[in-house]
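Chains H and B supply the protein sequences, listed in that same order. Residues in the first sequence are numbered consecutively from 1, following UniProt numbering. Residues in the second sequence are numbered consecutively from 1, following UniProt numbering.
These are calculated hints, taken from the structure and not from any lab test. Be aware that a few hints might be false.
Which copy is meant is left open, so a pair is good if it fits within one copy or across any two.
[Unchecked claim] Below, computed lysine-lysine pairings styled on BS3-like, alpha-carbon distance capped at 25 Å:
#1 K288 / K395
#2 K56 / K312
#3 K395 / K435
#4 K288 / K226
#5 K413 / K435
#6 K371 / K178
On a predicted model such as this, the values are computed, not experimentally measured, just so you know.
2 protein chains.
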Amino acid sequence: MAKIKPSLPQGTRDFGPAVMRKRNYIMQTIREAFQLFGFQPLETPAMEQLDTLTGKYGDEGDQLMFKILNNGESLNKAAAPLAASIQENIPLVRSVRLFAEKALRYDLTIPFARFVSMNQHELAMPFKRYQMQPVWRADRPQKGRYREFYQCDADVVGSDSLLNEIELLLIYDTVFNKLGLQGYELRVNNRKILSGLAELTGRPDLLTDITVAIDKLDKIGMDKVKEELQQRGLGEKEISVIENFLLISGSNDEKLTRLSELLATSPTGMKGIEEISFVLNSGLAQFKATPILDVTLARGLNYYTGMIVEVKAPATVSIGSIGGGGRYDDLTGLFGLPGISGVGISFGVDRIYDVLEQLELFPEAAQQSTKVMFLNLGDASVKVAFPLVMQLRGKGIAAELYHEAAKMDKQMKYADRRAIPYIVILGESELAENKMSIKHLTNREQKTITIAELDGFLFE
Amino acid sequence: MAKIKPSLPQGTRDFGPAVMRKRNYIMQTIREAFQLFGFQPLETPAMEQLDTLTGKYGDEGDQLMFKILNNGESLNKAAAPLAASIQENIPLVRSVRLFAEKALRYDLTIPFARFVSMNQHELAMPFKRYQMQPVWRADRPQKGRYREFYQCDADVVGSDSLLNEIELLLIYDTVFNKLGLQGYELRVNNRKILSGLAELTGRPDLLTDITVAIDKLDKIGMDKVKEELQQRGLGEKEISVIENFLLISGSNDEKLTRLSELLATSPTGMKGIEEISFVLNSGLAQFKATPILDVTLARGLNYYTGMIVEVKAPATVSIGSIGGGGRYDDLTGLFGLPGISGVGISFGVDRIYDVLEQLELFPEAAQQSTKVMFLNLGDASVKVAFPLVMQLRGKGIAAELYHEAAKMDKQMKYADRRAIPYIVILGESELAENKMSIKHLTNREQKTITIAELDGFLFE
């Protein structure tokens, strides 16, 4: 067959060793925190039934979902109905069900909901699960937006306790501290406060419009938000109520006091204030970065009903949100299991990667693979070296023997390209004295030790 | 929208917490070994261009590949040509290219080959990579065969050194020993020996037929193999040469001696013997389970050219092969990069899981999530408990506080279902004395310690 010049599908990426090690470092840090907090691992299949996913992400989601073609006879059978459908001028995107029964998952939440409703009787509630898997979206690729990307989610379902909110904020705090990130912000709000605001304007029916507009404040500024509110049907007086609300400032306590005055007549609003006060002031948890009450935080997704949270990267990197989540009332209603509420958070791995890269926060260990390479100086040297390589591996030190007795130069160059810090030399003179030379490639230090001393040698 | 009863696509699985922990334990053990031996991580996208995959796995592979439907306008554009193609009675499976440009990866080898040829100038050769990702095949689902399953591969490319063969066998040895498996067998052979055999029969042109037939010996027995050889065009005398070869027995050395006599006239066969002798008798490596020369080992895949290996599960579990691999001459020729040879191995995670399960070899740690749960006995108790939970987490101990002040009975039942071994009780009497009770749920022991003593308490 003809040779082809290989390429990657648009919007997808290979992760080579250097990138993989850094990504693994981030994911492992998140995974460990999830586990320390009692969250349990779940993995669901890449494919879901089309029915499971359709209609869950709006029209756009249905469009951007990657559908999987039926195989074999099941595909062939579609020929007749498909021909008929084309005859009637129905666009192919609308007759997908004729030849595709499955699609790639679009997020981790719907598969999680499906799992919970299928396994409700086996699960100990509350069910605390974490899930770290890729999702696929046929978005137009652009800088920082890919068609395959990992989501890292933790959710507690089956519990209304606000302790869960505090725990999830603490997971953020734990992870970003472990990653050495300073100056990030945990911004929280409560959807019920926004409901109270909508009531205050006299337009509770426009809650979604108000939320959507407020959500853009960061990006487009106050004037444009006001314009948008107007376009969405709010009057001057109503907009000024919203503006006053958005301008609330000060410490968390000052904001809470001001909110209590403003929303005194709204039971929903007051409930939101009570909830967020507990989260901020329970005194149970010690945060390294105290969560900030941000009344302008709205988050687009419609299904949030309680606390919402967003993590902002340090201001020095202009990357924006690196995580977010919130409480929802009904996870599994659409799958026939009502009354399952929950709260969840998500980490944006790609953006966290960019932040750590920009701030040079990846530790040495996340940038190293093999620690020690033994030069291959011919059969006599190999005979001594090989068991020593195995000895180091047995102690958990990644070690290699160069694969052939190439020129020293070539072997050193390989070690250099692989960023291997230590080289061990077992040349004729070393062998004669039962010794070896250990060379540190970056600081250029060289030591000679006896072979027996290798076991105690500190490869730092 | 209507509620739907959710289901999973045929042949796919959810991995709930208990299974995930055990799978993670297996994968982590394999990953650590790969890293200790200097292999580097790689991940490629789930989707590849259809052109990258087509024609690489035979007709069957092309059929069983999951293709991904084009999106949006690119799909709609297919309407006219598709209508024409249906008109001409071309089956839809044969006009897939009209509406699908991508497919899910079918194995990890072709994506690896694509990666190597696309990045040849950046890679330090030899390139040692490992890759642990799911692959997808539209096989008819049956016991132990799934449509989504993980492959765990390690390959060295760009080196002909037989040291690589020894290293890869040692990885098997290391992993299966870490997993506590006894009685597994590392069976090796060399494709050049089989070539020698084909020469010996006088039918080198039938090498593939001979290999395919021999490969079935385990399953169908000698008589059926002989039948199949006959069907494949070999005469009685030729078959008896093959039978004599297959009956070679004894120790590795005895087999090697016998082979050397048999294949003395075949330079290729003798080369194979030389290679496998080095792997078995170099004296460099100490195996916990000495590799066994198995002249009947053939392995189906056509592209092997040197050593081949298969790992057999212990005879007490009737599961067969739990890993395999071999040396190949040309990884990337089809992608326009000739001369890249390599050798690789693969672990069968699903089967290893079944073996460990059957032999009850999963350690306690792979079956536990949270180690300590603090009972929730109301606000006063929570105020003391919460910081202590955080203290344990800070020390790397997975700990939880029950989410609400439910009845003790309910909380204990939850801990039991979650298999949490330790319960901490901070009741009124404990609080009054600055103490806590720690109860071990399986051995029923209970201890009372002061709060200050928690830091030193050993949760085993």
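Requested in this report: Can you give me the call for K371 and K178, within, between, both or neither, at a CA distance of at most 25 Å?
Outcome: This pair counts as both: shortest intra-copy Cα distance 23 Å, inter-copy 21 Å.
Requested in this report: Pop the pair K413 and K435 into one bin, within, between, both or neither, using alpha-carbon distances up to 25 Å.
Outcome: within (24 Å within a copy, 61 Å between copies)
Requested in this report: Please work out whether the CA atoms of K56 and K312 approach to 25 Å or closer within one copy, between two copies, in both situations, or in neither?
Outcome: Neither: 27 Å inside a chain and 46 Å across chains, both beyond 25 Å.
Report task. Can you give me the call for K288 and K395, within, between, both or neither, at a CA distance of at most 25 Å? Result -> Close across copies (17 Å), not inside one copy (36 Å); limit 25 Å.
Query raised in the report: For K395 vs K435, is the C-alpha pair at or below 25 Å within one copy, between two copies, both, or neither?
Result: within (20 Å within a copy, 41 Å between copies)
Query - K288 and K226: within-copy, between-copy, both or neither at 25 Å Cα - result: Answer is neither; intra-copy 35 Å and inter-copy 73 Å both fail.
Consistency with the previously given hints fails for numbers 2, 4, ordered from lowest to highest.
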